[in-house]
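Residue-level listing of the chains:
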Amino acid sequence: MSTGLDLPADASLEVTDDQLEALVGDRALARDDHKNAPGFVIRPDDVQDVLFDLRDQAGFDYLSCVTGQQYADRYESVYHLKKYDDPTQEVSIVVPTSTDDPVSQTAAPVYDAANWAERENFDLVGIDYEGHPDPRRILLPETWQGHPLSLDYNQEKPQVVTLAEHANPLQADQKDSETDTMFLNIGPHHPATHGVLHVKAVLDGETVVDVDPDIGYLHRCEEQMCQQGTYRHQIMPYPDRWDYVSAGLLNEWAYARAVEDLADIEVPEYAQVIRTMGAELCRIAAHMLALGTFALDVFGDFTAVFQYAFRDREVVQDILEDLTGQRLMFNYFRLGGVAWDLPEPREEFFAKTRDFLDDLPQKVSEYEDLIVTNEIFQVRCVDTGILEPEVAKSYGATGPTARGSGVDMDLRRDDPYGYYEHLDWDVITEDGMDNYSRVLVRMGEVEESAKIIEQCVDLLEDWPEDEREIQSNVPRTLKPPADTEVYRGVEAAKGELGIYIRSDGTDKPGRFKIRSPCFHNLSTLPEMTEGEYIPDLIASLGSLDIVLGEVDR
Amino acid sequence: MSGAGLLPVPLQDAEPLLPERLGELTGLDQLGMGGELIATFIAAFIVGNLMLAMTGVAGPWAKRKITAAFTDRIAVNRVGPFGLLIIVADAVRLLAKELIIPENADRPAYDLAPIVVASSAMLGFAVIPMGSGIHLADPEVGLAYVFAVAGIASVGLVMAGYASANKYSMLGGLRAVAQNIAYEIPLVVTGMSVVIFAGTLQMSGIVEAQAETLITLGGLDIPMWYAFVNPFAFVLFLAANFAEVGRNPFDTPEAPTEIVAGYQTEYSSVYFVLIYLGEFLHIFLGGAIIATIFLGGPAGPGPAELGIVWFIVKIWAVFLLTQWLRSALPRVRIDQLIEIGWKGMLVLAFANLVLTALIVGLLEAELALTMVMFP
Chain A
36 MSTGLDLPAD ASLEVTDDQL EALVGDRALA RDDHKNAPGF VIRPDDVQDV
86 LFDLRDQAGF DYLSCVTGQQ YADRYESVYH LKKYDDPTQE VSIVVPTSTD
136 DPVSQTAAPV YDAANWAERE NFDLVGIDYE GHPDPRRILL PETWQGHPLS
186 LDYNQEKPQV VTLAEHANPL QADQKDSETD TMFLNIGPHH PATHGVLHVK
236 AVLDGETVVD VDPDIGYLHR CEEQMCQQGT YRHQIMPYPD RWDYVSAGLL
286 NEWAYARAVE DLADIEVPEY AQVIRTMGAE LCRIAAHMLA LGTFALDVFG
336 DFTAVFQYAF RDREVVQDIL EDLTGQRLMF NYFRLGGVAW DLPEPREEFF
386 AKTRDFLDDL PQKVSEYEDL IVTNEIFQVR CVDTGILEPE VAKSYGATGP
436 TARGSGVDMD LRRDDPYGYY EHLDWDVITE DGMDNYSRVL VRMGEVEESA
486 KIIEQCVDLL EDWPEDEREI QSNVPRTLKP PADTEVYRGV EAAKGELGIY
536 IRSDGTDKPG RFKIRSPCFH NLSTLPEMTE GEYIPDLIAS LGSLDIVLGE
586 VDR
Chain B
15 MSGAGLLPVP LQDAEPLLPE RLGELTGLDQ LGMGGELIAT FIAAFIVGNL
65 MLAMTGVAGP WAKRKITAAF TDRIAVNRVG PFGLLIIVAD AVRLLAKELI
115 IPENADRPAY DLAPIVVASS AMLGFAVIPM GSGIHLADPE VGLAYVFAVA
165 GIASVGLVMA GYASANKYSM LGGLRAVAQN IAYEIPLVVT GMSVVIFAGT
215 LQMSGIVEAQ AETLITLGGL DIPMWYAFVN PFAFVLFLAA NFAEVGRNPF
265 DTPEAPTEIV AGYQTEYSSV YFVLIYLGEF LHIFLGGAII ATIFLGGPAG
315 PGPAELGIVW FIVKIWAVFL LTQWLRSALP RVRIDQLIEI GWKGMLVLAF
365 ANLVLTALIV GLLEAELALT MVMFP
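As they're listed, the protein sequences go chains A and B. Residue numbering for the first sequence follows the numbering used here, beginning at 36 and increasing consecutively. Residue numbering for the second sequence follows the numbering used here, beginning at 15 and increasing consecutively.
Just to be clear, a hint being listed does not mean it is correct.
As the list claims (entries may be wrong) - Lysine-lysine pairs mimicking PhoX-like chemistry, simulated, CA-CA at most 25 Å apart:
no.: 1; chain 1: A; residue 1: Lys398; chain 2: A; residue 2: Lys486
no.: 2; chain 1: B; residue 1: Lys79; chain 2: A; residue 2: Lys398
no.: 3; chain 1: B; residue 1: Lys181; chain 2: A; residue 2: Lys235
Keep in mind the hints are simulated off the structure, nothing from the lab. As the structure is a prediction and not an experimental result, all values here were calculated from the model.
Work the whole structure out from these sequences, hints included.
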């Protein structure tokens, strides 16, 4: 289709506001700009039309998040679009639907990422997506009554869903079916599901024919809990509990960044350096765990690699404990800074951190001996769990999962926040697209994180004593103006952890939406594993490094 | 030095077997057949208990300690000295657990499987010469007998996998069979190369054949253990043996992260103990076979009475190796495992057999020639 527009040929080039407006054209009913991006309101039956245009003509190839929410007079789906080449270019497509008949056209044919995201919106908010390929609930049981985040939902009434009431995955017809395949429930209690994940697999012998991850076993209403807490103090502890395997500070940063952008809060540079250092320590701890558990999946037991990874992670945990006072649920970031300065005596803290950094190269080379260069490991991991870059993009995969497929995106570099842009480090990508590449990316990122931490320690050591401002002035009660909307992501250990907040004029968010990287990474599992063997399914699952606390929220 | 293949049939005045010695010692042999039978039972009881003490009691404790050492941990150290009393605690715990039997289990098969698995390994120990006169029976088909009874375990594994009415068990059972068939052949064929050297299947004969000195290095006599004579066969046999007993990197039938625990998923309490014991027994039986046909059996420095000590040391060395591999190596995938078995091990095993036969044949011919020329 020719729009007569003069759009840049290179997707990474900026699409100006005017060009966007011209592209959407008269399909835009109104503008609804968000703090982070221009927004267009469109009709529910124009969704695919507009999104196809934006994807194919303006290069918005990354559906980052789909937020669903209910206002007093309407339902709304918000499609947060970005570009993999330049995630600072964003556009929001707002699709309102009436309260009586909340039906909106699905975006699944445009972006595979919309599949799961829209299922979640249907499940929690109650928006129906017309033409959706798989219109089922995703987090709650099939028999659940009502949609918990809709306004008329009775929050007081408990719903007990017994096991017997769950839809039985082993339907009667499968028992005498003519096929030669076998249906196998992997999980929710299984040694390799990294939590309570339930994978419904159909096998032909040892070959995986069909995979359907069934999530929601660890759903804890995190979004709603955040909507019931005050911005200033009550929300910050929750992010620690999403990706709970030592990625706490990275999660906290996602919340801090979103609210700081929402309420225009400045963060002192000193605090940014501390944040950067803390976040990278968390990333090392998280990647060590990912490495250990992946080895567990491939080696098949709590073997040396797992134990070594935990031994080394323990050192990071000690440093984080010194810094934050906690080992897991840090609650260290504050809006506009961090909770407190580095622990005294500072020299001791620096020495400890430097010791860790000095020991790290030797440890990394140990892992290289044990894992990377091990021939059996290579036989197991190379060319298994293939995730093509185009598929990864369509599913909204981010983090090491995407970078292992050669998708060169890292929000720390491409959408800078904190102190990253002043530091010298590299983004690691691998072109193998397989389980092996994802391991290599994580190993490489551990080394890059160490580089960042070292530079942060250098900076902090020389920071003049009278300029150590750890928090800016933030009002005791934070009330961002009503109907301000922002979507912000940070590069967490697993990928882009984004948060959408709509303020309603009170001191609590009107809508708090979490864009979980694990959620979208996990949705690529069927693409990676169908046609492979069960052991590869397990290895691929391990290589995605999902944390169910973040998938289910 | 006489050629390896030329060893005469073992002398009939070999060391008396344990039942005979017991019969003499207690006077039971005076009582005719019945007495001999009783002596045999007592002897079997002694050997059985020795093996059970090693595998069922010391094994799990040692396994914990060894694995812990490999993986930078401490392991049991609270109950008794070095945590030794954990053995008692474990026994009580495992025996006191509820025996849960799945509703759809195929009963006789489900109950029999653990017994088959455990007893098949026990039977194998009957023909192993353990030194210090601990040797139950010495049939002429000794080595074939060991392979045969050890192979019965596969039947037990299939029974367990099938009768449990569990898909993971089923997958595990199928994997176990596929793996055992694929590796039984290279194992036996490699074993045959030893038979060619020794000229006999009899275990005592194989041990005796290794007693001679292969070469003297700096005053040190290197015995003619087949591990030194044919290291290639030794490594092949070790690898096939690990696959046979289902240890890393070939532990696919159990593969906890893939198929939960394979054929033993549905077993609890005493049945679980039996299956677990069966596995340990098989590892130790594997060690015993390796010690006997490749490491000179009970041979070692010091008086012959120390034989059993050396023998146990050799078994434990093999056990240690299994734990080492388990801690350090990833598991191969089931299709890769089968591929290694049929396309790699089998070919190598036959190559080894043919080569051994050629070499032994040539040596023999040469020897025969010298004997004709210089009678």
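Now for the hints, and whether the structure bears them out:
1. Proximity of A/Lys398 to A/Lys486 is assessed by CA-CA distance (about 15 Å); at most 25 Å being required, the pair is judged to hold.
2. This hinted pair checks out: B/Lys79 and A/Lys398 have alpha carbons roughly 24 Å apart, not beyond 25 Å.
3. The suggested pairing of B/Lys181 with A/Lys235 holds, with an alpha-carbon distance near 13 Å, which does not exceed 25 Å.
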